[in-house]
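Construct all of the structure, not just a fragment, from the sequences and the given hints.
So the sequence lines, in the order shown, correspond to chains U and Y.
The numbering of the first sequence is UniProt numbering, which starts it at 1 and goes up by one.
The numbering of the second sequence is UniProt numbering, which starts it at 1 and goes up by one.
Source of the hints: derived by calculation from the structure; they are not laboratory data.
There could be a bad hint or two in this list.
[Said to hold, decoys possible] Computed list of lysine to aspartate or glutamate pairs in EDC-like fashion (alpha-carbon distance at most 16 Å, straight line):
| hint | chain 1 | residue 1 | chain 2 | residue 2 |
| --- | --- | --- | --- | --- |
| 1 | Y | Lys241 | U | Glu64 |
| 2 | Y | Lys384 | U | Glu50 |
| 3 | Y | Lys308 | Y | Asp275 |
[Stated by the list, open to error] If you want the footprint, here are the derived chain U segments under chain Y, 3+ residues with CB under 8 Å:
| hint | stretch |
| --- | --- |
| 4 | 33-40 |
| 5 | 45-57 |
| 6 | 80-91 |
Just so you know, even glycine gets a beta-carbon here, dropped at the ideal spot from N, CA and C.
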Amino acid sequence: MSVDAATVKRIGRLARIRIEEGEVETYRNELNTILGFVEQLGEVDVSGVEPMTSVMPMTLRRREDKVTDGGYPEKIVANAPLTEDNFFMVPKVVE
Amino acid sequence: MTDLTRLTLAAARAGLKAREFTSSELTGAYLSAIEGGNAKLNAYVAVTAEQASAQAKASDAKLAAGQGGPLEGIPLGIKDLFATKGVHTQAASHILDSFKPEYESSVTSNLWRDGAVMLGKLNMDEFAMGSSNETSYYGPVINPWRANNSNAQLVPGGSSGGSAAAVSSWLCAAATATDTGGSIRQPAALTGTVGIKPTYGRCSRWGVVAFASSLDQAGPIARTVEDAAIMMTSMSGFDPKDSTSVDLAVPDFAAAVERGVKGLVIGIPREYRMDGMPAEIEALWQQGIAWLKAEGATVRDISLPHTKYALPAYYIVAPAEASSNLARYDGVKYGLRDTGKDITDLYELTRADGFGREVKRRIMIGTYVLSAGYYDAYYVQAQKVRTLIKRDFEIVFNDGVDAILTPATPSAAFGIGDEDMKADPVKMYLNDVFTVTVNMAGLPGIAVPAGKDGAGLPLGLQLIGKPFDEETLFAAGRVIERSAGIDFSPDKWW
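Structure representation (structure tokens):
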């Protein structure tokens, strides 16, 4: 499998990274080099093998579903580039 | 007075306890060393001199009263990946510009609890993605080591290049680091320092900027095996805030250092003998085998048949997890923000501007392998191969092998701006060929300096252990360190 220019642009849109026209070819080459390298995984016989979900044998710990933290919105927004009344500010989304 | 920065962590600790010098003096010596050398080495991206002096003063009060924790008054460097409250934490990325967390990571909290002093934040590859420390927004770290009769600048390895360079050049007593595919062990090997990646789950990931969550582990880089063991005892421990943290007692790792290797079975995996491997690496490996045998270990040839698939599987799993983890950098909640005509425009421009090339490349790969139609062919296949890689190790350990000895890296430190590696990203990735299997299987691995190449540059050996058996790695690592008996001090040029 190899990617073409249209795929590079599509992946850029999915990843929310602006790809300029002049960068497409470089990305296409680099992605194809990496995908060419990982292609060899196809030769491994994985029949009957479960995909790994946890590298250490453990069951996910659970806790009671209740609020245990919070109540400090000013800390949450402290590092935001633009805020108002402890809300994050973004360009208008809904007309 | 002797240069306090040249003391090992263990010796500095003994000196502080015996009141031969104060933490303020020790910390002051390190701050002067940083002031004198950092402009050339670029190991620190932020120096916290005021905080360090205040912490040292507090430690001196405790030490004077005969109190204090296991690291009381010891000055450390902290990789920029660890959240430190109110202090520069940017994963050496432009996209986290001016980010100062409102919280402290669990690992650094443990270090301050035990009395350590923070000198500053250490340079690294951006978001820990790299093997040469050249992807940092703050520019490359320079290796304190140079080849004989050369003043060419070499890389310290990565991603914990700042940690390794600072420890090697006496700009901190020891440092925190992290390892996702070799990012502790490879820079340790390239700088003549000791680095250990603990078993997955040993150190809390809470407050460590996430790269690939199923592979990331924190660990120390230090100047001796004993120093690394002391650091790891403080860094480790169960943390309810990390769902993959393991609830297991933390041994006193330093107590295992002089245990020796008598009666241990050491496996030598034939698949790590790569085509085109330099003769010097092969010779070092044979030397390591001879040292362990001489100290009473039994050496056994073993097979880990899926070794060659670890690196390709890693370059699917790690970018996939990274593409998901790095989705949070959107120009809204923290860090850099570019102006866009609408919200999508804001996201796309901020991320194009804020991430460096290697990070963008990996996000793109990760997004592709997780996208509709490719998920099974790439991601699921890689996770199945990962199961097989882990099974290889389980079979060997169940068969009575206590630890595995391999080279740490395929070469010594290479030049900054290496043309071959710039042209082909996969060439750079091959630096991790011996270390990445350990992350894929969640195992502990230690890199110990063991020799020098023909140009006088340090080379390391790696020991891989059973899950949660870091003690055997410290014991065997110490045997290699002692048998080599080499002073891994670079000639000071900075």
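Hints, verified against the model:
The hinted pair formed by Lys241(Y) and Glu64(U) meets the criterion: a straight-line CA distance of about 14 Å does not exceed 16 Å. Distance check on the hinted pair: Lys384(Y) and Glu50(U) sit about 6 Å apart at the alpha-carbon level, within 16 Å; holds. Note on Lys308(Y) and Asp275(Y): the hinted pairing holds, with a Cα-Cα distance of about 12 Å set against a maximum of 16 Å. Coverage of the stretch 33-40 of chain U by chain Y holds. Counting CB-CB distances below 8 Å, 7 residues qualify, and the rule asks for three or more.
Requiring three or more residues with a Cβ within less than 8 Å of a Cβ of chain Y, the coverage given for the stretch 45-57 of chain U holds, as 9 such residues are present. Coverage of the stretch 80-91 of chain U by chain Y holds [criterion: at least 3 residues with CB-CB distance below 8 Å; count 6].
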